[in-house]
Structures are given as C-alpha cells and as structure tokens.
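Residue numbers (this note's numbering), protein chains in the order written: chain V, 19 to 364; chain U, 19 to 364; chain E, 19 to 364; chain X, 19 to 364.
Some hints here could point you the wrong way.
No distinction is drawn between identical chains; accordingly, a pair holds when it is met within one copy or between any pair of copies.
With a Cα cut of at most 30 Å, we get these calculated DSS-like pairs of lysine-lysine [stated by the list, open to error]:
hint: 1; residue 1: Lys79; residue 2: Lys309
hint: 2; residue 1: Lys98; residue 2: Lys84
hint: 3; residue 1: Lys211; residue 2: Lys255
hint: 4; residue 1: Lys309; residue 2: Lys211
hint: 5; residue 1: Lys84; residue 2: Lys309
hint: 6; residue 1: Lys291; residue 2: Lys309
hint: 7; residue 1: Lys66; residue 2: Lys79
hint: 8; residue 1: Lys255; residue 2: Lys291
hint: 9; residue 1: Lys129; residue 2: Lys255
hint: 10; residue 1: Lys66; residue 2: Lys84
hint: 11; residue 1: Lys79; residue 2: Lys255
hint: 12; residue 1: Lys255; residue 2: Lys98
hint: 13; residue 1: Lys66; residue 2: Lys129
hint: 14; residue 1: Lys255; residue 2: Lys84
hint: 15; residue 1: Lys66; residue 2: Lys255
In short, the hints are calculated from the structure, not lab data.
Given the structure is predicted, the values throughout are model-derived calculations rather than measurements.
There are 4 protein chains.
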Amino acid sequence: MWKPRGPMGRVTELHRGQEHPIAAWNSVRTDLAVEIHEDISRTSPNIKGLTVDVDEQEQIKTTRMKITTQAASSAMQKLKGTYVTLEVPELRHKDPDLQEQVALCLAQELKPYIHVPEQAVVLVVGLGNWNVTPDALGPLVVENLFVTRHLFHIMPEMLEEGFRSICAIAPGVLGITGIETTEIVQGVVDRVKPDLVIAIDALAARSLDRVNTTIQLADSGIQPGAGVGNHRRALNKETLGVDVIAIGVPTVLDAATIASDAMDILFTHLENKVPGNDASKILNQFDHDEKRQLISELLQPIGNNLMVTPKEIDEFVEDIAHVVAMGLNLAMHPAMTIEDAKALTH
Amino acid sequence: MWKPRGPMGRVTELHRGQEHPIAAWNSVRTDLAVEIHEDISRTSPNIKGLTVDVDEQEQIKTTRMKITTQAASSAMQKLKGTYVTLEVPELRHKDPDLQEQVALCLAQELKPYIHVPEQAVVLVVGLGNWNVTPDALGPLVVENLFVTRHLFHIMPEMLEEGFRSICAIAPGVLGITGIETTEIVQGVVDRVKPDLVIAIDALAARSLDRVNTTIQLADSGIQPGAGVGNHRRALNKETLGVDVIAIGVPTVLDAATIASDAMDILFTHLENKVPGNDASKILNQFDHDEKRQLISELLQPIGNNLMVTPKEIDEFVEDIAHVVAMGLNLAMHPAMTIEDAKALTH
Amino acid sequence: MWKPRGPMGRVTELHRGQEHPIAAWNSVRTDLAVEIHEDISRTSPNIKGLTVDVDEQEQIKTTRMKITTQAASSAMQKLKGTYVTLEVPELRHKDPDLQEQVALCLAQELKPYIHVPEQAVVLVVGLGNWNVTPDALGPLVVENLFVTRHLFHIMPEMLEEGFRSICAIAPGVLGITGIETTEIVQGVVDRVKPDLVIAIDALAARSLDRVNTTIQLADSGIQPGAGVGNHRRALNKETLGVDVIAIGVPTVLDAATIASDAMDILFTHLENKVPGNDASKILNQFDHDEKRQLISELLQPIGNNLMVTPKEIDEFVEDIAHVVAMGLNLAMHPAMTIEDAKALTH
Amino acid sequence: MWKPRGPMGRVTELHRGQEHPIAAWNSVRTDLAVEIHEDISRTSPNIKGLTVDVDEQEQIKTTRMKITTQAASSAMQKLKGTYVTLEVPELRHKDPDLQEQVALCLAQELKPYIHVPEQAVVLVVGLGNWNVTPDALGPLVVENLFVTRHLFHIMPEMLEEGFRSICAIAPGVLGITGIETTEIVQGVVDRVKPDLVIAIDALAARSLDRVNTTIQLADSGIQPGAGVGNHRRALNKETLGVDVIAIGVPTVLDAATIASDAMDILFTHLENKVPGNDASKILNQFDHDEKRQLISELLQPIGNNLMVTPKEIDEFVEDIAHVVAMGLNLAMHPAMTIEDAKALTH
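Given these sequences and hints, build the entire structure.
Shown next as structure tokens:
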C-alpha cells in the first residue's frame with residue numbers, strides 16, 4: 019500500500035514546485051524590461067548602452083528599449099537586444115476596436131524583426147500549462163494561429179499569394195512531460211529547421227496596472243526568469259541556433275510583490291506621518307535582507323509558488339491571446355487583412 | 019462602430035466585477051469559522067453561546083463549533099448553527115491513503131446532518147465558475163457524484179438496496195447567466211422539491227496553511243460573503259424553504275490578506291526591534307482605518323477582485339473535489355463502499 | 019466490493035442510454051422540417067394547411083414552411099407553426115464573410131418572432147451535453163451571448179440605448195443532473211419570468227449535406243424527438259407558459275440513417291441493373307418492417323445510441339455556434355452592429 | 019476582404035481533411051489485427067508464419083498473434099511482430115473491478131515487451147487530437163501517467179525503490195501544428211534518447227462490439243492506417259531508431275463500415291429469402307467494385323472523414339484512458355501497486 023512518506027510521496031512533493039529551489043528570495047520579481055528600468059533608473063538615471071524611446075499615442079504607449087552594452091545588460095539583468103513594450107491600460111475593458119488597434123500595432127512592431135526571406139519557415143512556440151488559466155496564454159495563441167506549413171507542398175502558390183510557411187507547437191510543462199521545454203523545442207527545431215522561432219509566454223509583472231494590459235516583444239528570446247510557471251529555460255539563438263523573438267504578456271503578480279509593496283507603502287506612510295528624526299532612527303535600521311526574510315516567513319508554506327491574479331483571469335487571458343494571435347497572423351502573412359485576422363481568431 | 023466609452027464599454031466594465039461594490043474594505047476576509055474564531059478569541063476569549071470542540075487525530079484535526087445564541091452569531095458574523103472543520107495539512111501531498119481517510123471522515127461528519135427519510139431526494143448544488151480554476155470546485159464535485167434521481171422510476175428497488183435519490187446542478191455564475199444563482203436554485207427547488215440541499219463552494223481563507231487543506235461543513239447553508247467569485251448570495255432554509263448544508267474548501271486567499279499580513283509582520287518586527295518607547299510613539303498612531311486605506315490604494319486598479327493561489331491550483335482543486343465527492347457519495351448512499359466511491363470519482 | 023451485476027452495474031447500464039427505450043425503430047430519423055417534407059411530398063404532394071416558400075439567394079437557400087392545420091401537423095409530425103430553414107452548403111468552408119452573411123440572415127429571420135416589448139426579458143436555453151462535441155452546440159452558443167439582465171438595475175439607460183434584457187442557462191442533461199431539462203427550465207422560467215424563451219439544440223439530420231450547414235428556426239418550440247442526446251423533452255408554450263422559439267443545427271446523422279441509405283442505394287442499384295421482372299419479384303417482397311429489423315440487428319449492441327459525425331466536428335460546431343450566437347446577439351439587441359457581434363463571439 | 023474562393027478558402031478546405039487523399043476506397047477499414055484475421059481466415063484458413071493463440075478467461079479474451087514471415091505480413095497487411103488483443107465486452111459497463119482486472123492484465127501482457135534495463139528511459143507518446151472526443155485517447159492517457167524523468171537527478175534513489183524514468187508528450191495533429199507527428203516525435207527522441215517508445219492511439223474497428231471494449235498491443239509500432247484522425251504516420255524502429263510498442267483502442271467505426279455492413283446484411287437476407295436460382299442470378303452480378311462505388315456515392319460530400327461513435331463516447335474514452343494509464347503505470351514502475359495506480363489516475 020501507499021507509504022505517505024515513501025518515494026511517491028516525496029516525488030509528488032518535488033513534482034509540486036520545489037523542483038527549482040530559488041536560492042535567494044527576490045522581494046520583487048518582474049519579467050518586464052520597462053519595470054526593471056523604472057526601478058533602476060531611480061538610482062542610476064544614465065546607463066551607457068541603454069536607450070529608451072517612448073511613443074505615446076491616444077491609448078497605446080510604446081516603449082522601445084535597446085540594450086547594446088554588457089554594462090547595460092548587467093544593470094538591466096536582461097540580454098542585449100531590443101525590448102518593445104505596448105502598454106494599453108484600457109485593454110482590460112474588452113473593447114474590440116481597441117483590441118484591433120493593438121493587434122495592428124503589435125504586427126507593425128513585430129514586422130521589422132521578421133527579417134527572414136519570404137519562403138522561410140517560422141515556428142511559433144506556445145509556452146505554458148494549458149491547465150492553469152494564467153499560464154495558458156502560449157497554448158491559446160497557438161490554437162488561434164493560421165498554421166500553413168503542411169499545406170505548402172500541395173499549394174506552393176500560397177507563397178506568391180502572400181502567405182508564409184508557419185508551424186506551431188505547445189510543448190507543455192516539465193511536470194506533465196518530464197522533459198525540459200527547451201529539449202522538446204530543440205528537438206523540433208532540429209527536424210523542422212525553421213528560420214525563425216517566435217515564443218509566446220505568460221509573464222509576471224511587478225505592477226498591477228500592467229497585468230493583462232501590456233505586451234512585451236524581445237528579439238533576444240526567452241531567458242530563465244520569473245514567468246508564471248517554473249518552466250522557463252533559455253530559448254534563444256544560443257540554445258536553438260536560430261533567432262528567437264519572445265512575445266510575453268504579464269498575467270500574474272508574484273505574491274511576494276504584493277507583500278513587498280504592502281511593506282513599502284506602510285513604510286512610506288510611517289515616514290510621512292512622523293515628523294522629525296524619530297521615525298528615521300527606527301526605520302533606517304530596517305534593511306533589504308530583513309524585508310526579504312519577513313516576506314519569506316509570511317509566504318510559508320507555499321512560498322515561491324503563489325501567484326496573484328484577477329478573478330476574471332479566464333476572460334482576460336482569452337482576450338489577450340486573441341489580440342496576440344491577430345497581431346502574429348497579420349505580421350507573418352502579408353496577404354492577411356485585419357478582417358481575416360479577426361475572423362480566424364474567434 | 020464600437021464606442022469605447024459607450025454603453026457596451028460600460029457594460030463590460032460592470033460585468034467585470036464592480037457589480038457588487040463593497041462599501042467598506044475588510045483588510046482580512048475569510049469564510050472559515052475556525053479562522054474568525056481564532057481572530058476574535060484573542061480579544062473575547064469567552065463568548066456565550068459558542069462552544070468549540072477540537073479532536074486531533076494523527077493527520078486530521080476536526081473542530082466542531084456550535085453557535086447557539088444571537089450574541090455568538092454577531093460576534094462570529096456567522097448564522098446560528100454547527101460548523102465542522104477538517105484541517106489536514108498533509109492533504110497537499112497527493113497521498114491517496116490520506117485522501118481516502120479524509121473522505122471517510124467527511125462522510126462520517128456529514129451523516130448526522132442528512133436527517134431525512136431514506137426515500138428523500140437530495141439536491142447537490144455545485145456553485146462557482148467552471149472557467150476559473152480555483153472557483154471550479156463546486157462544478158467539479160457535481161461531475162463526480164453518483165446521481166440517481168432519474169433512475170428511481172425505472173428501478174424502485176434501488177432504495178431498498180441502499181441508494182438514495184440524488185440530483186445535482188451547477189448553476190453557473192451571474193456574469194455568464196445574467197441570473198442570480200439563488201434564483202436558479204430556488205426555481206429548481208420549487209420543481210424538484212428536494213428534502214435537503216447540499217451546496218458546494220470554493221472559499222477564501224485567511225491563512226495560507228489552510229488553502230486546499232481544509233474542508234468546512236455548515237448546517238446553516240451558504241451566506242453572502244467573500245467566496246472566490248462574486249456569486250455568493252444566501253442559500254439557506256429561509257431562501258429555499260428546505261435545510262441547506264454547505265460544504266466549502268478554501269482555494270484562494272484574498273490579495274488584501276497578503277497585504278495586511280505583510281504590514282502586520284513588518285509592524286511586529288519594528289516593534290520588537292526598537293527597544294523603549296520611541297517605536298510605540300510612532301506605531302501607536304497607526305490605526306485600522308489607515309491600514310485599510312493603504313491596502314485599498316495598493317490594490318488599485320483591480321482592487322477587490324484579486325485572488326492569491328498556488329501555481330499548482332489545477333491539481334489541488336481536482337484532488338480536493340475528488341475527496342469531497344467521495345465523502346458525499348459515501349454519506350448519501352448507505353450501500354456504497356469506499357472502493358465504489360474511489361472508482362466512481364476517477 | 020463492487021458487484022458487476024448488482025444495482026450499481028445496472029444503474030450504470032441504464033445511465034448509459036437505455037433509459038429511454040424507443041419502442042419502434044425508425045429507420046430514418048430527422049429533426050428538420052425540410053427533410054420530412056422532402057420525404058412525404060413524394061407520396062402526398064399537396065397537403066392542406068402546409069405552405070412552403072423557398073427563397074434562393076447566391077449561397078443561402080431559405081425555406082419558410084407554415085403548418086396551419088391539424089392534418090398538416092399530423093402529416094409532418096411537427097407541431098403547428100412556422101419553420102424557417104437556412105441551407106448554406108458552403109458554410110462548411112470556414113469563410114468568415116459567408117458566416118457574417120448567415121448571421122445577418124438569421125437575425126433578420128429571427129426578428130419577426132421576437133414580438134415582445136423592448137423592455138421584455140428573453141431567456142436563452144442552451145440544451146445539450148458540453149462533454150460531447152456534437153451535442154455541445156447549445157452550451158457553446160450560451161457562452162457567446164451578450165447577457166445583460168443582471169446589469170439593468172445598475173444601468174437602466176441601456177434599454178434606451180438599444181439593449182434588451184437577456185439571460186441564459188445551459189441546464190445540462192439528465193444523465194449528469196438526474197433532473198429532466200424541462201423541469202430545470204420550468205423552474206428558472208417561474209423565477210425569472212421571461213417574456214420569451216429561445217432554445218438552442220443540436221439536431222439529427224437525414225442527409226449528410228445538411229450536417230453543419232443548416233439552421234432551423236421554429237416558433238413552436240422544442241418537441242421530443244431525435245436530437246443528438248436523449249435529452250429532448252418538450253419546451254413550448256404549453257410546458258413553459260411563454261412563447262418558445264427553437265433554433266437548431268444538425269450536427270449528426272443517426273447511424274441507422276447511413277445503414278438505411280446504404281440499403282436503399284443498393285436496392286435501387288439492383289433494380290436498375292436487372293432488366294425485366296426478375297428483380298421486382300424478389301425485391302418487392304422486401305418490406306419496411308424487414309428493413310427496420312435488419313438495421314436493428316446490424317446496430318446491436320449499441321443500437322439506438324450511435325451517431326455519425328465528421329472528424330472535424332469540433333471545428334464545425336465551434337464555427338456554427340459562433341454564427342448562431344452572432345445572429346442571436348444581432349436579433350436581440352437593436353444597438354448591436356455586425357462588428358460588435360463579431361467581436362463579442364471570438 | 020475575404021475571397022471565398024481565394025487562397026485562404028482553399029487552404030481551409032485542404033486543412034479540413036482532404037490533405038491525405040486516399041486513392042482507393044476500402045469498403046471496410048480496421049486497425050485491429052484480430053478483425054483482419056477474422057476476415058482473411060475465411061478465404062485463407064492457413065497462412066504460413068501466422069500463429070494465433072487464444073486464451074479465454076471469464077470476462078477477458080486474450081488473442082496473441084505472431085506474424086513471422088513476409089507472406090503473413092502481406093496477407094495481414096500488418097508489419098511482422100506480435101499483436102496482443104484484449105477483448106472485454108463488459109468493459110462498456112463501467113465496472114471498476116473489471117477495469118482493475120483489465121489494467122492488471124494489460125500490465126502483464128505489456129511487461130515482456132519492456133525488455134530494457136531498469137535505468138532505461140521510456141517515452142510515452144499520446145497521439146491524436148484532444149479537441150475531438152474519440153481521438154483524445156492518447157492525450158488523456160498521457161495526462162494520467164506517473165511521469166518521473168525530471169525527478170531522477172534530484173532523487174536518484176527512486177530507481178532502486180522501483181520507479182523507472184518515464185517521460186511523455188502529446189504532439190498534437192498536423193492540422194494544428196503544421197508538422198507531421200513523426201517529425202515532432204523524431205525530434206524529441208533525438209534529444210531525450212529514450213530506450214523505448216510507447217505510442218497510444220485511438221483506432222477504427224470494423225465491428226461495433228469491439229468499440230471501446232478492446233485493447234490492442236503491438237511490438238511493431240504504429241503504421242500508417244485508418245485511425246481516427248488523419249494523423250497516422252509510421253512510428254517504429256525504422257523511423258525512430260528505437261523499439262516502439264503501440265497500444266490502441268478502437269473508439270470509432272468508419273461510416274463506410276456501417277454502410278458496407280448494411281449492404282451485406284440486406285444481401286444475405288435477400289439470398290436467404292428467395293429460394294432457387296432467381297436471386298443468385300441477380301445478386302451474383304454485383305461485385306466488390308460496385309459496392310465500393312455505391313458507398314462512395316452515399317458518403318458524399320463528407321466522404322472519407324465520417325466517423326461513427328456511441329453518444330456516450332466522452333465517458334467511454336475517459337474510462338478506457340484510465341484503464342490504459344493504470345496498465346502502463348503498473349507495467350513500467352515495478353514498485354507501483356494497483357492501489358497506487360488507481361489513485362494516480364482519478
């Protein structure tokens with residue numbers, strides 16, 4: 019009979035998330051370049067090799083960030099490359115006109131990075147766990163793509179008519195397959211030999227405002243990081259041998275972020291409230307390590323594996339997957355109109 | 019064309035959760051009687067009309083709480099009645115032997131409350147939204163019940179053989195149906211005329227330890243409250259005209275709970291750290307309303323609708339739905355063995 | 019332990035479809051008025067009280083049939099009323115322009131039957147089993163409706179702005195709930211008091227051409243019949259006390275239909291092949307009862323519960339649910355444009 | 019705007035199943051070795067190199083067939099190898115005791131073919147389309163496996179304790195990915211380097227009795243064939259470079275099978291009915307090609323892509339996936355008991 023403390027018990031425990039122990043607690047984790055930049059620009063306003071260009075339209079704020087030096091890369095903790103972020107606060111309001119605009123905007127931002135010949139094959143990889151709503155973004159986008167690679171040998175004229183050869187996989191997560199996502203993607207890349215990989219993933223944000231309202235595009239691929247699940251291993255030119263564009267949308271916050279922000283807001287409040295030096299005496303003694311320690315205690319026993327999402331996460335994820343899929347279909351197939359794209363992703 | 023600020027935009031916004039504005043922020047919300055009791059017993063250790071009986075077995079801690087006076091009801095903010103709570107910290111470890119034990123234990127606790135004749139009809143109501151993983155507990159339990167009511171007219175001998183007449187519905191949530199859950203359940207109760215209603219719902223807890231490891235049984239029915247979704251309206255003898263047993267499992271924490279706890283832990287830390295009166299001078303000036311205000315600011319713009327769940331919520335919810343369904347099947351059908359119950363809920 | 023031939027064994031067997039034994043085998047079953055009419059018009063070309071009006075557009079053939087006498091009702095085995103059928107053979111080709119046209123056409127045909135005041139409440143009932151792809155049409159349509167009833171008390175101005183009060187349920191099927199669908203719907207109707215009920219259901223057709231390409235609209239409600247599941251009980255003015263419009267799409271053929279057609283085609287072939295009287299001598303001895311008996315033997319042991327569907331049934335059902343939901347949203351909300359409707363149902 | 023007859027229209031059409039045109043209509047298609055054998059043994063009772071061994075237990079009939087010569091392989095249209103078939107007519111009755119017996123029996127039959135070292139890695143491939151109920155068997159089995167490969171580097175002692183290193187993928191189907199299943203599996207095999215592949219697939223049967231009641235195990239891998247979807251390409255030692263065991267369960271019949279059987283039963287009936295030579299004169303003129311032609315006409319316009327399933331296919335597929343997963347878990351992990359296996363697959 020089953021032994022509660024036997025191997026299968028332990029296995030299950032490992033299975034459940036302790037598999038990637040994170041040595042040090044980061045009190046705040048984010049996958050968004052704009053949020054990291056916000057954070058570090060307070061202390062280091064000018065970083066060599068980091069250029070930031072902001073373009074504010076009526077409802078869409080586009081930030082184009084270039085990391086060109088190793089110093090900037092270290093400061094930002096991001097690989098060298100370009101990071102384009104669309105911030106659309108109103109995207110939470112299910113407005114189809116705005117969704118269409120954002121899809122068109124995403125397509126436009128994406129196109130310059132699809133610098134492969136017309137006959138090239140593009141592989142789209144939908145990362146994440148389809149059983150967990152906020153992690154299902156990647157698989158949902160894949161289901162809404164106009165996949166064509168298998169049709170080209172029957173209809174070679176599709177190319178001239180403005181369609182590219184697109185294929186797509188949703189490789190699942192380590193806990194379900196027992197295989198690192200990177201291994202599966204590498205195997206498929208070896209066989210399919212795409213000229214470009216586009217990887218879609220659900221991200222973690224630091225700010226509530228950005229959850230489900232932000233799309234990040236990076237030409238440096240996916241790097242191990244917070245993400246929603248524990249499934250993030252590097253997917254980039256180094257590991258796959260081919261250019262990798264990453265498209266991500268934050269769908270969760272880390273619970274540690276909420277806790278950290280709660281402490282910060284309390285702290286600021288106390289500082290503002292008490293005039294004179296009394297407060298600073300006390301408060302200045304509180305350092306970053308203590309804070310991290312307190313958060314770690316607080317989030318026992320589930321710790322690192324807690325996520326914060328809106329209750330309507332199912333609708334948000336479906337809507338944003340629809341927008342990303344429209345943008346991808348438009349960017350990849352020159353012949354596709356916005357009408358086609360809308361029709362394909364219902 | 020679509021008007022972003024026109025009626026449909028507003029509709030969607032309302033749709034998305036502001037429909038039940040909560041006037042006052044509760045910094046900590048819980049549906050668990052044991053947690054409310056923990057809280058108030060610090061300041062009011064003895065409440066007349068409240069009896070608490072704790073029974074600790076190896077892995078299962080059972081708390082039986084009786085609220086018999088109006089005073090106790092007010093203090094606990096719970097209707098008069100009996101609240102039985104099973105706390106099983108190890109339930110998180112997917113141990114089938116323990117799951118079986120908990121199902122048997124739940125059945126045993128449940129049986130005394132099924133004081134209806136053998137030929138009575140029981141209606142099980144699975145509350146919640148099947149599209150949102152942590153809110154899907156009720157619908158999942160309903161899918162695993164041994165539903166028999168429609169078979170009795172063909173096989174009346176089932177009764178003698180030890181099976182009750184069971185029926186079940188998952189009424190959905192207001193945002194999908196446009197109808198209050200209570201209205202749907204009332205309508206079905208009027209037609210089916212059950213002798214007993216058992217309502218299953220996902221709850222909000224205050225403590226992380228209790229998420230997905232606790233089962234609460236209440237003979238006073240469902241009362242409006244935190245819950246996971248905004249779908250909680252009263253389902254009790256008053257609204258349905260028939261006894262209502264509620265079975266709930268906390269699957270989420272409110273984000274406000276994490277924030278509040280983070281502030282408390284920081285506060286305690288600061289108090290402990292600074293000797294003398296300096297600290298108290300400052301800290302004593304901070305009151306409950308300020309705290310609530312800070313949390314409210316912090317959780318803008320999604321506010322009241324944020325939930326905190328483990329990343330493995332999909333597996334947890336499936337496991338606990340399996341345990342609850344086994345317990346219900348065992349409690350309702352005298353002829354059913356644990357082997358039958360296990361087989362039925364795979 | 020489990021007794022294979024004990025009560026639960028039997029229960030399961032009953033559960034699985036023999037619950038509604040059909041006394042006589044119909045060799046061919048269809049829910050479509052146009053198919054019944056095709057059949058009987060061979061032998062009875064003129065039936066009093068039956069008018070048929072056909073309108074052929076480029077890609078949509080609309081048949082409006084009125085049954086006004088008891089004689090016509092008996093001949094057609096359909097209740098008195100109007101039956102509108104849209105036949106769109108090209109609907110199988112996932113063409114979004116055509117889908118849009120059909121949705122507009124459905125809305126136009128539907129509007130005259132929604133003769134309720136503007137402030138009236140409409141209840142949409144999505145019949146069928148969401149776990150069985152070809153039977154999931156009703157629940158899928160419900161998920162794509164613009165449900166508003168719960169918003170009217172907060173935004174009464176919606177009415178003036180051109181939105182009706184709509185609510186919707188997917189009551190499930192007898193095998194899951196233990197409750198006849200009619201009972202659940204009656205209960206909800208008693209509480210919600212809608213002015214009109216629109217019921218959506220998956221149908222059985224006789225002809226392969228019509229599967230997933232035909233939409234039938236009937237102002238006489240749902241009558242017990244073939245359907246996809248065994249869940250069809252009457253939903254009409256008599257049972258619900260309010261007008262019931264039925265919208266159905268054939269998603270399956272009965273296996274008996276394929277068998278019957280195979281025999282017929284063989285028969286015709288043999289008759290054509292053999293000149294003279296020899297064939298007729300033999301073939302004329304073969305009567306309808308024998309045929310029915312042969313089919314019944316053939317379809318043992320699963321018999322009555324076999325369905326025939328295309329392998330791409332999942333895509334077809336999703337597409338047609340999208341079209342029906344668009345049509346309904348357009349017909350019910352005067353302020354809604356086709357653009358809005360398309361956006362809402364992605 | 020969309021051009022109904024433009025490239026995307028054509029693409030969709032191709033997408034929908036005409037991608038693998040089958041040159042010749044087989045009037046009856048089956049993936050089961052026992053059914054092919056039944057068929058050919060009428061005309062060729064003794065085939066050299068084909069041995070058939072039948073073992074009838076109370077409720078489980080086990081047929082072990084060995085194809086050892088090229089002649090036998092040609093006659094059977096199956097690769098050389100061993101085919102073990104479990105036929106369990108009562109499996110349709112949801113009896114958990116019998117399900118357990120069948121799982122144990124499958125494990126026992128399977129074990130001799132898992133002749134790899136204890137430390138070997140086994141890759142399980144769940145073929146089929148998770149969106150189409152009768153084709154979802156493979157993905158469902160994969161979801162219920164005890165996957166361990168990712169845990170071995172943390173818990174190397176698992177091996178000694180009786181657990182093998184198992185990993186699993188559900189590669190999806192060509193229409194969704196644009197990539198042949200074989201390519202994906204080859205890619206993963208190249209990276210993971212398993213010692214054995216076990217492929218699970220939904221099959222087509224010829225006889226209704228065998229649908230959902232039969233499990234076939236073949237040590238020659240998957241060969242292109244009927245299957246449920248159009249996704250069957252070879253997965254065997256030749257294509258993957260490693261032994262491939264195939265496990266299949268028929269979940270559908272081809273519609274052509276029903277049609278063909280209907281013609282046969284009518285034919286036999288006519289022959290029996292008419293004494294003397296008159297009948298034979300007519301009937302003897304009807305040959306196989308004519309029959310095929312008639313069936314082809316009959317099944318227009320959906321033709322090759324029609325499947326026949328019981329209406330309760332969703333429950334059947336879940337139940338049989340549970341049985342297969344239990345059998346696999348037991349066969350692969352020596353330390354696993356039937357209790358563990360049952361618990362894991364709920």
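Structure-based check of all given hints:
1. Lys79 to Lys309: Classified as neither; 33 Å inside a copy, 33 Å across copies.
2. Lys98 to Lys84: within (8 Å within a copy, 60 Å between copies)
3. Lys211 to Lys255: both (13 Å within a copy, 23 Å between copies)
4. Lys309 to Lys211: neither (48 Å within a copy, 45 Å between copies)
5. Lys84 to Lys309: neither (32 Å within a copy, 40 Å between copies)
6. Lys291 to Lys309: Answer is both; intra-copy 21 Å and inter-copy 13 Å each pass.
7. Lys66 to Lys79: This pair counts as within: shortest intra-copy Cα distance 24 Å, inter-copy 60 Å.
8. Lys255 to Lys291: neither (52 Å within a copy, 50 Å between copies)
9. Lys129 to Lys255: Within one copy, since 19 Å is at most 30 Å while 42 Å is not.
10. Lys66 to Lys84: The answer is within: 11 Å in one copy meets 30 Å, while 67 Å across copies does not.
11. Lys79 to Lys255: Classified as within: same-chain Cα gap 29 Å, cross-chain 54 Å, threshold 30 Å.
12. Lys255 to Lys98: Within one copy, since 12 Å is at most 30 Å while 43 Å is not.
13. Lys66 to Lys129: Intra 27 Å, inter 63 Å, cutoff 30 Å: intra-copy only.
14. Lys255 to Lys84: Only inside one copy: Lys255 and Lys84 sit 18 Å apart there, 49 Å across copies, limit 30 Å.
15. Lys66 to Lys255: within (24 Å within a copy, 56 Å between copies)
Of the numbered hints stated above, those contradicted by the structure are hints 1, 4, 5 and 8, listed in ascending order.
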